[in-house]
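Engineer: If you want the building blocks of each chain, they are given just below.
2 protein chains.
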Amino acid sequence: MDLENEKNDIGRDSIALWVLNPPEPPCMLYRILKNLKEAQLGVTLFSLKHQNSPKIVFTFLQALFPIFASFKNYNVHKFKSDVLGGLILAIFAIPQAMANASLANMSPEYGLYTSIVPPLVYALISSSREIVIGPATVDSLLLSSMIQTLKDPIHDSIAYTQLVLTATFFTGVFQVAFGFFRFGFLVDYLSDATMVGFLQAVAIGIVLQQLKGLFGIVNFTSKSDLFSVIKSLWTSYKNKSKWHPCNFIIGFSFLSFILFTRLLGRRKKKLVWLSHIAPILSFIISSAIAYKVNVHELKIEDYKIEVLGPIKGGSLNPNSINQLQLDSNGKYLGPLIKIGLTVAIISTTQCVAVGRLFASLRGYKIDPNREVLSLGIMNIIGSFTSCYVGSGSIARTAVNYNAGSQTMVSSIVMALTVLLSIKFLTGLLYFTPKAMLAAIILSAVPGLIDIKKVYDIWKVDKLDFLACSGAFLGVLFLSVPMGLAIGTMISFAKILLISIQPSIAVFGRIPGSEAFGDVEQYPMAINMPGVLVVSVKSAWLCFTNASPIRERIERWVIDGEDENSKGERSIKVVIIDTSSLVSIDTAGIASLVELNQNLTLRGVTLSIANPRWQVIHKLRLANFVSEIGGRVFLSVGEAIDAILAAKMEA
Amino acid sequence: MDLENEKNDIGRDSIALWVLNPPEPPCMLYRILKNLKEAQLGVTLFSLKHQNSPKIVFTFLQALFPIFASFKNYNVHKFKSDVLGGLILAIFAIPQAMANASLANMSPEYGLYTSIVPPLVYALISSSREIVIGPATVDSLLLSSMIQTLKDPIHDSIAYTQLVLTATFFTGVFQVAFGFFRFGFLVDYLSDATMVGFLQAVAIGIVLQQLKGLFGIVNFTSKSDLFSVIKSLWTSYKNKSKWHPCNFIIGFSFLSFILFTRLLGRRKKKLVWLSHIAPILSFIISSAIAYKVNVHELKIEDYKIEVLGPIKGGSLNPNSINQLQLDSNGKYLGPLIKIGLTVAIISTTQCVAVGRLFASLRGYKIDPNREVLSLGIMNIIGSFTSCYVGSGSIARTAVNYNAGSQTMVSSIVMALTVLLSIKFLTGLLYFTPKAMLAAIILSAVPGLIDIKKVYDIWKVDKLDFLACSGAFLGVLFLSVPMGLAIGTMISFAKILLISIQPSIAVFGRIPGSEAFGDVEQYPMAINMPGVLVVSVKSAWLCFTNASPIRERIERWVIDGEDENSKGERSIKVVIIDTSSLVSIDTAGIASLVELNQNLTLRGVTLSIANPRWQVIHKLRLANFVSEIGGRVFLSVGEAIDAILAAKMEA
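Here the protein sequences come in this chain order: A and B.
According to our numbering, the residues represented by the first sequence are 21 to 670, in order.
According to our numbering, the residues represented by the second sequence are 21 to 670, in order.
Check each hint, because a few of them may be wrong.
Note that identical chains are pooled: a pair holds if it fits in a single copy or bridges any two copies.
Unchecked claim - Here are the simulated lysine to any residue pairs, SDA-like style, with alpha carbons at most 20 Å apart:
1) K472 / K482
2) K351 / P531
3) K288 / N422
4) K592 / N618
5) K251 / S276
6) K479 / H637
7) K312 / G329
8) K473 / L641
9) K312 / L328
10) K100 / I224
11) K667 / V593
12) K472 / F644
13) K482 / F644
14) K473 / H637
15) K667 / R622
16) K473 / R640
17) K351 / W293
18) K482 / H637
Just so you know, these hints were derived from the structure itself, not from any lab.
Chain A extracted, bound-state conformation (with noise of 0.2 Å):
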C-alpha cells in the first residue's frame, strides 16, 4: 500500500486543515424538511417533470390511476391468472367479510358492502400489485370496542350503524390528510413493540369475544374489557341452561377443521388450496347441518343451533351519505373524530406493513404516502356506500399472492363476484350458525399471537419489552388510544433516555489495529502512559449531561487513574473522541469550555477527535476550536500522531 507516499504528499497540515474548514453544513430545518420529503418514495401524483409530450397522457394517467401502468405488458396469460385467482380470493373472502362483520357488531351484509366497492377503488388508485382490501380483523375489533360505548349494537342497530359509518368516513378523512401532508412517514412513529403488544391485546380481546358465539350465550355483556367478558362468561357459566352445547360443538370443530387445513397447506404446498376453501366448506357443511338439525329433527330447545336469520340481500351497495353523522351539535361528534384518528393510525399502520412486505417479496417499492392516501380516499367512498373501515388484510393479501395473480385486476374480479354473490345467494345464510362465523374469526387470531416477537423483544432489549407491555396492559384494562399512547410514550422516553444520559467510556488502541475501543468492550485495549482517551457514549453533549460528563473527566483526570486505566498516574494529553455524537449544544459548547480551562490550569491539553460535521460546525461557530487551538483531529491516531511529532520536535 503507498498510504505512506500519500502521507508524504499530503502532510499533516492539510489534512488537519480538511477536518477544521469543512464546507457549510445544511441548516437543521433543511434537513428535517428534507427528510420528510425524501419519506416519500417512487411515484409522485405530480411528477410529471422530464416527460416527452406525446406520452405525457398515458403518463398522466398511470400516475393518477397506477393500474394501467400494469396493463403496458398485460397479456391473457395474466389476465388467466388474475381471473382464477380473484374467483379463490371472492371464496375465501365472503365468509370472513361476514365473519369480521358480525364482530364489528354489524349485519353481516355490511362486511360483503366493504369487499365490492373499496376493493375497487383501490385497485385503480393505489401503487400496490397484491394488496387485497375489506373489513380487517383488528380494524372490526377496535370499530365495536369503541363504538359500542356510545351506542348499544343490540338495541339500537340502526343508530350503532351510523355511528361505524361515520368513523369510516373521518378514519378516511385523516388518511387523506396524512397522505396529502406526506405525514405517510408517520405510520413508523408507532414502535414496532407497541403494535405487537396492541396485537397480542387485541388477540385475547377477540378470543373472548368470540367465546359468545363459540359457546351460544345469549345474554352477554357488550363491553369488551377484560373484567366485564370474564364476569359475563361466569355468570354464563353458573345458569348452565343458557349453554347450547351444540354450538360449540360446530364451532370448535370446523376451527380445528380450518386451522388443520392451513396447517397442511404449509407444509405441503400443493394443499395450499385447501386452506383457501376451508371457509367456503364450513360455510356449507355447517349451515347444512343447522338447516338439518333446526328445521327437520331435533326441534328441542335445548339442541338448537344460532343462525344469523333474515339478511337484507338482492341489492347494491346502498347509498348512505345521509346516515352520516356530521351534525356538528352531535354528541357524537367528537368521540367519533377521536375513533377516526385511532382506526386510521392503526388501520394504516397495518396496511403499509403487508404491503411493504409483498412488495419486497415482488421486489419492487411502494409508496407509504400513496397508499395512505388512495386508503383515505377509497374509505370516504366506502362510507357514502355502506362499507365500514376497509384495510389491506394480510390473510386476504396472501391468499391472493399464493393464487398466482399477477396485478390488481385479481381484485376486481373478487369484487364482481362478492357483488353476484349479494345479489343471488344472500338468501341462502338464514341457516349460517353464528358459532361457524365465530370460528373463522378466531382463525385468525393464531396470526396476531407472536410469542416469539414478545420473547425476541425481552431478550434484546428490556425497555422495549416495557413498551410493549404498557401497550399490551394498556389496551386491555383501560381502552386502545390509551394503550397506544402508554406504548409509545416509553418508546420515545426510552430513546430520549438513553441518547441523552451522562455517558462516557475510556478508549485505549485495541492490540494489532491502529482502531481505538471502549475498554470495557475491548478489555485487550492497550492505554497510552499520560493519555487519557475518552469518548462520548450519548449521542448529544448537551444541557443534560454535560456537567455531569465534565465533572466525570476531571475526576479521572484529577485521580489519575480509573477503574479501567490500570493505575497510570500524572495524565498530560486528554483527547475526547467525538464520533458517536451527533450534535451538540450551548450547554454542551460551555462545558467543554470549562474542562478546557480547568485542565489549562494543570497543565493538561485537550483535544477533540473525530468531530461529526454538525459537531465540527457548531464547536467553530462558538470559537472553541481557536480556545484549544485548533487541536482537532480526524482520529484518536491522529491525534496521539501529533502529539508524539510535537514531543519529537520539543
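Put chain B on the given structure of chain A with help from the hints.
Structural biologist: Just chain B now, kept in the frame of chain A:
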C-alpha cells in the same frame, strides 16, 4: 512503529473474535441507575465506610454539618476575613433584601427575616463554602406574579402573606424530595436555552413592575403580564396628575449611582467596595432627602415622595407555623403546590448554578443532591419562622467572594448583623422612598439580561433559539410554568427529532489517512470502486428511521450511483459504519436482516464496521451476526482490508 509486527503476531482472526465476542455489557437499567447514582458527587451524608473508629464522630458531624470540615484549618486570620466579609455582606444585603420583599409584594421586614434564619440553617448543612442565602430577585418576582392571581396583595395583605409562606413550605418540601431521591440531576433538565429565555422575560417583567415604584404611580394593576402592565402605564400616562416626578428623579438618580459604582468596581478592582456600599449609601441619602421633602420643606401633594411608612420591627422572626394554609379542603392548596414546584425548580437550578460557578473558581466540587436537600430543609424551617423562599443569589455570593470571606462563618456574621439591625434600626426605615427600592431592584436587571448569550444560541443552534424564544414568549404572555414547559418541550423534541430522523451519509477514505469520513464533510474523500461505505448519522437505528434508511441504502445500491459517489456502478460490497449508533432496537435489527436478504439476492455482501458495545451485543442476541457470516469489523479500514484479502485468495 512496530504495528506491522504486532499485526502479524496477533492476526486478523483474533481481532475479529474480539469484535464479535465482547464481554456482556451491563443491563440498560443498571446503567441508568448507575448514572443517577453518579450524579451524586462528593461527600454523602451516610458515606461513613472506610473510616477509623476514633475519627468517626468527627466524620459523622462533618458529614451532617459540612461547616465542621472548614474548622480543621481554621485560624484567627480566616476568622477576621470572615467577620469583615460578613459585615460587608450585611451592608449590601439589607437594602437588597427589603427591595426584593417589596418586589414580592411583601412588607420589607419579611426580606430581613429571610436574611436571618435561612442563611444560618444553610451555613450549617450545606456543602458550599460561598453561597450566601437570602431572598432572590427571580424567586420574588415568580412568587408575586403567581400568588397575586390567587389573592390581591394590596387589599388583603395578611392572607397574601400566608399564601406566600405556604408556597415557601411546599418549595422546601419539593426540594427535600429532589435531594432525598437524588433527583438533583433534574435541575440539569431545564435546558440552558429555556433558562436564558426565562431570565430575559423575568428581566422585562421586573422592569415593567418597577416602573410603578420608579414613577410613583398609585393605581397600578396587580397583574404581571405584559398587556395589563402596559395598559396600566398608558392609563397613568394619560392622567398626568397621578405622576410624581420627585419619585422618578430619586429612583433614576440612585439607579444611575448604583450602576455607575458597579461599572467602576469592574474597571478598577480597588474600587469594588464602592459598589458594595452603594445600596446602603443610596438608602441613607434617599431617606434623608425624603424626610426633608415630606416633613419639613415641601408638603405640596405633587412633590410628595412615596415612602415605606411604619414597619413592624424590633422583634425576632415571629413563629409562623399557624399561618400556613395546609387545610386539605382549602381551595388554594392545589395552586400553591404547583407554585411550590415551579419555584423549587427555578430556585434550585439557579442556586446550583451559582454554587457550581464559585466552587469551580475555588477548585472544589459541590454535591447537587446535598445542596438541594439543604435548600429544602432551610426553606421548610424558613416557612415556620416568617421567611419566604430563600436562594443563593449570584450578586450576594459575588460580594461575599470579593470581600475575601473564607467559610460559611461570613454568612453567620451577616445573619447576626441583620438580626441586630432589625432589633434596633427598623424605626429608621419609615422614610425610605419606594422609588429607591425600585432602583435597587432594577439594578439587578443588567445581570439577568444577556443579549450576547441569546445571540450565541441563535448563531449555534436555531432550534435552541426556538426553545429560548418559546420560553421567553410563554413566560411573558402566558405564565411562568407554561413558558418553562414550552421551552423544555421544544428542547427535548429537538433532541429526539435529530436523534431519530433517518440520516445517513456516504463515507470515503480521507487521502493521506486510513480514516474514513462523510464525503459531504470531506469533499476530497476517495470512494473505492465497487464498495459503498455508508454511515448512519442518527443516534438510533429504530422504528422511526429503520425503514427509510434501509430503503435509501437499497436505492443507492440499485442506482449504483448517487449525487456523491461520482457515478461508479455495480456495487458489490456495502459496509455500514455504525460508530455513531448509540443503540438499535428490534425494528432496526429487522431492517438490517431485510437489507441483508435483499442485498444477498443481488449478489452484494453486507458488512458492519465499528459497532459500539450495545449494538454488537444486540446484533448477537438477535443472531444477525451469524446471518451476515460474521462480517463485523473493528473499523471500515479493517473491513476493506478483509475484502481485499478475500479477493486475493479467490
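Engineer: Which numbered hints does this structure break?
Structural biologist: 2, 5, 10 and 17
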